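Asker: Residue strings, one per chain:
2 protein chains.
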Amino acid sequence: MRTSIATVSISGTLTEKLNAAARAGFDGVEIFENDLLASPLTPEQIKDRAADLGLAIYLYQPMRDIEGLPADAFAQSLRRAEHKFRVMRRLGAETVLVCSSVSPQAVDDDALAADQLRQLADLASEYEIRVAYEALAWGRHVNTYDHAWRIVESVDHPSLGVCLDSFHILARGSDSKGIESIPGEKIFFLQLADAPLMTMDVLQWSRHYRCFPGQGEFDLAAFVQSTVRAGYQGPLSLEVFNDIFRQADSGRTAADAMRSLVALQEAAGITDPPAPVEPTAVAFVELVTPDTERVSTMLGALGFTRAGKHTSKPVDLWEQGGARILVNTAPATGRGSLSLAAVGLESPDPAAASKRAESMEAPVLPRRSSGRDILIDAVAAPDGTELFFCATDRPNLPNWLNDFQQVPHCSGGGGCVVGVDHVALTQPWHQYDEAILFYRSVIGLQPHDSVDVRDPYGLRRSRAVSTVDGGVRIALSIAPAPTDSGTASQHIALATDDIISASRRLRDTGRLLPVPDNYYDDLAARFEFGPGELETYRELGILYDRDESGQFRHCYTSTIGNVFFELVQRDEGYRGFGEQSAHIRLTAQLAR
Amino acid sequence: MRTSIATVSISGTLTEKLNAAARAGFDGVEIFENDLLASPLTPEQIKDRAADLGLAIYLYQPMRDIEGLPADAFAQSLRRAEHKFRVMRRLGAETVLVCSSVSPQAVDDDALAADQLRQLADLASEYEIRVAYEALAWGRHVNTYDHAWRIVESVDHPSLGVCLDSFHILARGSDSKGIESIPGEKIFFLQLADAPLMTMDVLQWSRHYRCFPGQGEFDLAAFVQSTVRAGYQGPLSLEVFNDIFRQADSGRTAADAMRSLVALQEAAGITDPPAPVEPTAVAFVELVTPDTERVSTMLGALGFTRAGKHTSKPVDLWEQGGARILVNTAPATGRGSLSLAAVGLESPDPAAASKRAESMEAPVLPRRSSGRDILIDAVAAPDGTELFFCATDRPNLPNWLNDFQQVPHCSGGGGCVVGVDHVALTQPWHQYDEAILFYRSVIGLQPHDSVDVRDPYGLRRSRAVSTVDGGVRIALSIAPAPTDSGTASQHIALATDDIISASRRLRDTGRLLPVPDNYYDDLAARFEFGPGELETYRELGILYDRDESGQFRHCYTSTIGNVFFELVQRDEGYRGFGEQSAHIRLTAQLAR
Numbered sequence: 001m002r003t004s005i006a007t008v009s010i011s012g013t014l015t016e017k018l019n020a021a022a023r024a025g026f027d028g029v030e031i032f033e034n035d036l037l038a039s040p041l042t043p044e045q046i047k048d049r050a051a052d053l054g055l056a057i058y059l060y061q062p063m064r065d066i067e068g069l070p071a072d073a074f075a076q077s078l079r080r081a082e083h084k085f086r087v088m089r090r091l092g093a094e095t096v097l098v099c100s101s102v103s104p105q106a107v108d109d110d111a112l113a114a115d116q117l118r119q120l121a122d123l124a125s126e127y128e129i130r131v132a133y134e135a136l137a138w139g140r141h142v143n144t145y146d147h148a149w150r151i152v153e154s155v156d157h158p159s160l161g162v163c164l165d166s167f168h169i170l171a172r173g174s175d176s177k178g179i180e181s182i183p184g185e186k187i188f189f190l191q192l193a194d195a196p197l198m199t200m201d202v203l204q205w206s207r208h209y210r211c212f213p214g215q216g217e218f219d220l221a222a223f224v225q226s227t228v229r230a231g232y233q234g235p236l237s238l239e240v241f242n243d244i245f246r247q248a249d250s251g252r253t254a255a256d257a258m259r260s261l262v263a264l265q266e267a268a269g270i271t272d273p274p275a276p277v278e279p280t281a282v283a284f285v286e287l288v289t290p291d292t293e294r295v296s297t298m299l300g301a302l303g304f305t306r307a308g309k310h311t312s313k314p315v316d317l318w319e320q321g322g323a324r325i326l327v328n329t330a331p332a333t334g335r336g337s338l339s340l341a342a343v344g345l346e347s348p349d350p351a352a353a354s355k356r357a358e359s360m361e362a363p364v365l366p367r368r369s370s371g372r373d374i375l376i377d378a379v380a381a382p383d384g385t386e387l388f389f390c391a392t393d394r395p396n397l398p399n400w401l402n403d404f405q406q407v408p409h410c411s412g413g414g415g416c417v418v419g420v421d422h423v424a425l426t427q428p429w430h431q432y433d434e435a436i437l438f439y440r441s442v443i444g445l446q447p448h449d450s451v452d453v454r455d456p457y458g459l460r461r462s463r464a465v466s467t468v469d470g471g472v473r474i475a476l477s478i479a480p481a482p483t484d485s486g487t488a489s490q491h492i493a494l495a496t497d498d499i500i501s502a503s504r505r506l507r508d509t510g511r512l513l514p515v516p517d518n519y520y521d522d523l524a525a526r527f528e529f530g531p532g533e534l535e536t537y538r539e540l541g542i543l544y545d546r547d548e549s550g551q552f553r554h555c556y557t558s559t560i561g562n563v564f565f566e567l568v569q570r571d572e573g574y575r576g577f578g579e580q581s582a583h584i585r586l587t588a589q590l591a592r
Numbered sequence: 001m002r003t004s005i006a007t008v009s010i011s012g013t014l015t016e017k018l019n020a021a022a023r024a025g026f027d028g029v030e031i032f033e034n035d036l037l038a039s040p041l042t043p044e045q046i047k048d049r050a051a052d053l054g055l056a057i058y059l060y061q062p063m064r065d066i067e068g069l070p071a072d073a074f075a076q077s078l079r080r081a082e083h084k085f086r087v088m089r090r091l092g093a094e095t096v097l098v099c100s101s102v103s104p105q106a107v108d109d110d111a112l113a114a115d116q117l118r119q120l121a122d123l124a125s126e127y128e129i130r131v132a133y134e135a136l137a138w139g140r141h142v143n144t145y146d147h148a149w150r151i152v153e154s155v156d157h158p159s160l161g162v163c164l165d166s167f168h169i170l171a172r173g174s175d176s177k178g179i180e181s182i183p184g185e186k187i188f189f190l191q192l193a194d195a196p197l198m199t200m201d202v203l204q205w206s207r208h209y210r211c212f213p214g215q216g217e218f219d220l221a222a223f224v225q226s227t228v229r230a231g232y233q234g235p236l237s238l239e240v241f242n243d244i245f246r247q248a249d250s251g252r253t254a255a256d257a258m259r260s261l262v263a264l265q266e267a268a269g270i271t272d273p274p275a276p277v278e279p280t281a282v283a284f285v286e287l288v289t290p291d292t293e294r295v296s297t298m299l300g301a302l303g304f305t306r307a308g309k310h311t312s313k314p315v316d317l318w319e320q321g322g323a324r325i326l327v328n329t330a331p332a333t334g335r336g337s338l339s340l341a342a343v344g345l346e347s348p349d350p351a352a353a354s355k356r357a358e359s360m361e362a363p364v365l366p367r368r369s370s371g372r373d374i375l376i377d378a379v380a381a382p383d384g385t386e387l388f389f390c391a392t393d394r395p396n397l398p399n400w401l402n403d404f405q406q407v408p409h410c411s412g413g414g415g416c417v418v419g420v421d422h423v424a425l426t427q428p429w430h431q432y433d434e435a436i437l438f439y440r441s442v443i444g445l446q447p448h449d450s451v452d453v454r455d456p457y458g459l460r461r462s463r464a465v466s467t468v469d470g471g472v473r474i475a476l477s478i479a480p481a482p483t484d485s486g487t488a489s490q491h492i493a494l495a496t497d498d499i500i501s502a503s504r505r506l507r508d509t510g511r512l513l514p515v516p517d518n519y520y521d522d523l524a525a526r527f528e529f530g531p532g533e534l535e536t537y538r539e540l541g542i543l544y545d546r547d548e549s550g551q552f553r554h555c556y557t558s559t560i561g562n563v564f565f566e567l568v569q570r571d572e573g574y575r576g577f578g579e580q581s582a583h584i585r586l587t588a589q590l591a592r
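The listed protein sequences correspond, in order, to chains X and F. For the first sequence, this note's numbering begins at 1 and goes up steadily by one. For the second sequence, this note's numbering begins at 1 and goes up steadily by one.
Please note that a few of the clues may not be correct.
What the hints assert, rightly or not - Simulated restraints, written as ranges between beta carbons of each label pair:
| hint | chain 1 | residue 1 | chain 2 | residue 2 | range |
| --- | --- | --- | --- | --- | --- |
| 1 | X | GLY470 | F | VAL102 | 48 to 56 angstroms |
| 2 | X | ASP508 | F | GLN45 | 54 to 62 angstroms |
| 3 | F | ARG575 | X | ASP201 | 21 to 29 angstroms |
| 4 | X | VAL107 | F | VAL107 | 47 to 55 angstroms |
| 5 | F | THR280 | X | ASP452 | 21 to 29 angstroms |
| 6 | X | ASP498 | F | SER450 | 22 to 30 angstroms |
| 7 | X | ASP497 | F | VAL107 | 37 to 45 angstroms |
| 8 | F | SER450 | X | ASP452 | 23 to 31 angstroms |
| 9 | F | ASP48 | X | GLN446 | 16 to 24 angstroms |
| 10 | X | GLN446 | F | GLN45 | 38 to 46 angstroms |
| 11 | X | LEU375 | F | SER103 | 50 to 58 angstroms |
| 12 | X | VAL451 | F | ASP517 | 46 to 54 angstroms |
As the list claims (entries may be wrong) - Chain X stretches covered by chain F per the calculated footprint, using a threshold of three residues with CB under 8 angstroms from any CB of chain F:
| hint | region |
| --- | --- |
| 13 | 71-85 |
| 14 | 173-186 |
| 15 | 198-207 |
| 16 | 234-247 |
These are calculated hints, taken from the structure and not from any lab test. Keep in mind the model is a prediction, meaning the values are calculated, not measured. No residue lacks a Cβ here, since even glycine has one placed at the ideal position from N, Cα and C.
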């Protein structure tokens, strides 16, 4: 279906908004009146600009407080409407959004509303304009879509139809099934917005917390299906009032928006893109650093062995159990201190994973092909982390490990790391919902619940995405405000089957993050432990959590550059990340 | 009364929080358990630290899910409680907060709750600890203060009393009058928080949107009066969960918190500080700049005349009608480009105004006394703007104008500015509520309603404070996110009695901010105008608003450094600032 976005959904001037929508590949836009009013471009110039960019102007919006009014107020409204119809002709917009009245003057009289909407439609038809009437969820008398439709049906005017807005309908808990009984040609427009489920004033909820489909909790696929079944053939248009999107980069937001529509059409069965290919494990994590000394010492303290070096690039391969860490010292990476740059995901079918990413409008990276390097499919996550789709040691598929030649080393240095439990990536301020949608739609991971984590300097939001079996887990978090530095710390959580030995080794090398005694006094109050158990945790800086499925024990290293490590011993079934004690870790890190 | 603040109300580590509370002059603190758990200090060290800072530890909090539980769960809770009582002894805290149960296991049985609270109180008394039982607004069965009190009364134990929290009581709309029937000695603790009135889930409202007394909409004065009438003699303690305070500078927040308690005690009739002295007009606005050329040209274009120079400092006095602008080129100001540094407020009694400021813990500035300069009382607003209390040309009072000597000039250059309509100050990100409280309590101005203003890069919040008659108006606004530059533009709105001539003069000198044509097409749709009127506004970039009391017409200059000017013709009775078209101006300024 054709795609559209309301200019109110993205930041900037009207010109910037049009550019961003075009670059993201939208077919058209809704022009929000305030964006037009503030633009130095005339309506004719806006029309030309949109045409040059290949954008249709599907809708002009909104027109308010028209129907159900006393005669003099209605006369005023009609006068105002005629002015707007003239602007729309100049703009080349053929459909106008009319919201149900919220005016205290409005009366509860469907016949009056119908009569006035008929007059409006008569006037509109003189300008060859169609009126799309929408029930606002907080409309004074008309606030459900079926009520709006009853009035439109009774008017039976070719220039009058309804506009359906998923927020207004789903926020009230209305059943979207009823849409199917509206003739498709009378659905003049379809506006889409998702939202987190919140108990709050519906107007405030709508104005500040809408988000793109798949970023909230509404069932938009069913909503779109009902509309399509009704016979609607117009564009799918995003109308999202969101305080974050209003201030985020317009290009990013528009790309995120487009991805949401692509994923929605798949979910609604309208399109059939290549299926997601769920990764099975973390093949490697790549760190970049201008100097290897500190990270080598740390990896040694963690029990890793330098097992290989890249045949053509300054990249070392460190191994332990099933965990592989690449240390890249290429100056081209241009980062000042140790950073996490890439994650290799073990994929059952790397080529298909890459096709999936491409179909979801993800930035597929140029395949690496310098020298005799193996080609690896990769995609950039919203925060810039590169995700490689790997087939390690599998017959008939390119093996990235072949790029590395073994270096002499004594294998099995007594480490007890068995793999990567999870990777934790702090997201840029504005890119939290975008990241969740990315990992879900592009990579095929499932989002967990969002949790608030107390940081000494504000609340962080944290949300994990993972495969169902936990083979791949990525914990995303967002700081309470933009950081001055721009880069926040990332971490690699290594799975171990012997947290006691692992943390003792860390402590003995002076790289263990100390945990305050008070924490252990609290643990003693919360849980009962076997003899000596708590004392061991206290001695070794091990944090502890337990749920009905099992235990979660973990400890942290000190931080190098922007990266630190966690050691995790997770009982099968425990799904969390020890969030309850995250504030202990965050505070302890400040003291370093 | 003694003052206290919960550590959860301010940002940082526990050490930083204690330091901030002490510096702001609090008598004591509530220690929030998570702050203690994350601290590397032992309870004994925290006790000593607080003592060294002169801070009492009035409360340890919170203890959850104790009462109304099945026997095994209660046994667990009691075990947990005993651990905490031991920590409290080490900490020197004698009162613990126990919140009413939210556990799904909790049963609706007052007799059971009473029995278990009695057992808890028995245990507490062994540790010489008092239990303050509080009804959470979302408590599972006990969620009103009178219910909590009925249970406490029935237990009748010397170690068991109630904790009253203004949020939990007022958010539910309970009448605080009933507090007066509780014996004062059974009110073990009083927690104070204000909040904006919001329609939303009460737990989310409480956890994220509480604010200091006077910054929200609850009647905290009546609440405190009732508690004092009941005979409560403990401290007034602030417990404010607020997402902004969590990330703001702890020192600022603590000072803001203390001011709120000082103002609250005055409002409740507990103290009787010097009365506020309402200013009557803006005596001057002071700009600082490294070079005077551009600002001199602009002031000339606005019709100002350079009428005087300071006798000992590099400060010029520009005059027109009743408006005076000082241009300060002293290098000590250290600002890179033109900025608004100070506002002179005409005060009926400058010395009393200064005393008021001092009593409200405002930073009174050292009186200027270099050379033969007149002494002027002044205070620093939260954003650093200096506010001078002036008595211009009044007998028996120091006249700041005497510091200036006339320079030759032709007076009355045909300008039509008659005074200062308002001054608009963009506030640093975290200091919006703080600023409102400051102008209200220290300066005696009345806050208007807060409005959201659309900026192309996010929503701004804007709120004016003014005298009742509009003699002094200050418009405060806050950007949607911290700005990179740190400094946002300020502006001076000059009152004129002839907006047409004033804006024509600006246009002729090339200093008028152009307004898009589309805006005037919209005006034509919204209002009816006399012949030629709208065309004049269009020609001269005049923005227009009208309410039931009259018209508001205004235009803007281009921006110099961080400052621009507005020309305003305001009909008497119009109370606003043309907020409806603020987004037009904000967008037009981007194009410059």
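Asker: Indicate whether the distance between the beta carbons of ARG575(F) and ASP201(X) respects the range 21 to 29 angstroms.
Answerer: holds, 25 angstroms
Asker: How does the Cβ-Cβ distance of THR280(F) and ASP452(X) compare with 21 to 29 angstroms: does it lie in that range?
Answerer: violated, 47 angstroms
Asker: How does the coverage statement for the region 173-186 of chain X fare against chain F, requiring three or more residues with Cβ below 8 angstroms from a Cβ of that chain?
Answerer: Answer violated; 0 residues pass the 8 angstroms Cβ test.
Asker: That 37 to 45 angstroms hint for ASP497(X) and VAL107(F) (C-beta), does it hold up?
Answerer: This hint holds: roughly 43 angstroms between Cβ atoms.
Asker: Taking 50 to 58 angstroms as the hint, is the beta-carbon distance of LEU375(X) and SER103(F) inside that range?
Answerer: holds, 56 angstroms
Asker: How does the Cβ-Cβ distance of ASP498(X) and SER450(F) compare with 22 to 30 angstroms: does it lie in that range?
Answerer: violated, 57 angstroms
Asker: 38 to 46 angstroms was suggested as the range; check whether the CB atoms of GLN446(X) and GLN45(F) agree with it.
Answerer: With a Cβ separation near 45 angstroms, GLN446(X) and GLN45(F) satisfy 38 to 46 angstroms, so the hint holds.
Asker: Mind checking the hinted window 47 to 55 angstroms against the Cβ distance between VAL107(X) and VAL107(F)?
Answerer: Given a distance of about 50 angstroms, which is inside 47 to 55 angstroms, the answer is holds.
Asker: Please test the hint of 48 to 56 angstroms on the beta carbon pair from GLY470(X) and VAL102(F).
Answerer: About 30 angstroms separates the Cβ atoms of GLY470(X) and VAL102(F), which means 48 to 56 angstroms is violated.
Asker: Under 8 angstroms between beta-carbons, do enough residues of the region 71-85 of chain X, three at least, approach chain F for the coverage claim to hold?
Answerer: holds (count 4)
Asker: Quick one: are VAL451(X) and ASP517(F) within 46 to 54 angstroms, going by C-beta?
Answerer: holds, 50 angstroms
Asker: Between the region 198-207 of chain X and chain F, see if three or more residues pass the 8 angstroms beta-carbon test, and mark the coverage as holds or violated.
Answerer: holds (count 5)
Comparing the model with each numbered hint stated earlier shows that hints 1, 2, 5, 6, 9 and 14 do not hold.
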